[in-house]
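Mapping to my numbering: the sequence shown position 50 is 50, numbers consecutive.
Heads up, some of the hints might be wrong.
[Stated by the list, open to error] Here are the simulated distance ranges between beta carbons:
1. SER35 - ILE15: 33 to 39 Å
2. SER52 - ARG3: 35 to 41 Å
3. SER16 - THR38: 35 to 41 Å
4. LEU65 - VAL34: 27 to 33 Å
5. ALA44 - MET17: 28 to 34 Å
6. ALA10 - SER33: 37 to 43 Å
7. THR38 - TRP58: 34 to 40 Å
8. ASP36 - ARG7: 46 to 52 Å
9. PHE4 - VAL42: 42 to 48 Å
10. PHE12 - PRO32: 35 to 41 Å
Since the hints were made in silico from the structure, they are not lab data.
None of the values given here were measured: they were computed from a predicted structure.
From the three backbone atoms N, C-alpha and C, an ideal C-beta is built for every residue, glycine too.
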Amino acid sequence: MQRFIQRFGALFGAISMLGSMLGWLLLGEEPPSVSDSTSAEVVAHYVAESGSTFFGGWLALIFGLL
1 MQRFIQRFGA LFGAISMLGS MLGWLLLGEE PPSVSDSTSA EVVAHYVAES GSTFFGGWLA
61 LIFGLL
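Given only the sequences and the hints, what does the whole structure look like? Please build it.
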């Protein structure tokens, strides 16, 4: 097991970093700022982007744990 970690540890680190970046990219565009928008506009943004936000969040979580 120790030899496996020594051989592939850096590879798992690189994969987790790239996967986390992909997860952040899938989270979508920046939400509207709270100080300039109403609460309805912020909620509408997250309702419109719910699929990519959900999937991107899970990807970031899984690759962050890796």
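Right, here's what the structure says about each hint:
no.: 1; hint: SER35 - ILE15: 33 to 39 Å; in the structure: 38 Å, holds
no.: 2; hint: SER52 - ARG3: 35 to 41 Å; in the structure: 40 Å, holds
no.: 3; hint: SER16 - THR38: 35 to 41 Å; in the structure: 38 Å, holds
no.: 4; hint: LEU65 - VAL34: 27 to 33 Å; in the structure: 29 Å, holds
no.: 5; hint: ALA44 - MET17: 28 to 34 Å; in the structure: 33 Å, holds
no.: 6; hint: ALA10 - SER33: 37 to 43 Å; in the structure: 39 Å, holds
no.: 7; hint: THR38 - TRP58: 34 to 40 Å; in the structure: 29 Å, violated
no.: 8; hint: ASP36 - ARG7: 46 to 52 Å; in the structure: 51 Å, holds
no.: 9; hint: PHE4 - VAL42: 42 to 48 Å; in the structure: 46 Å, holds
no.: 10; hint: PHE12 - PRO32: 35 to 41 Å; in the structure: 37 Å, holds
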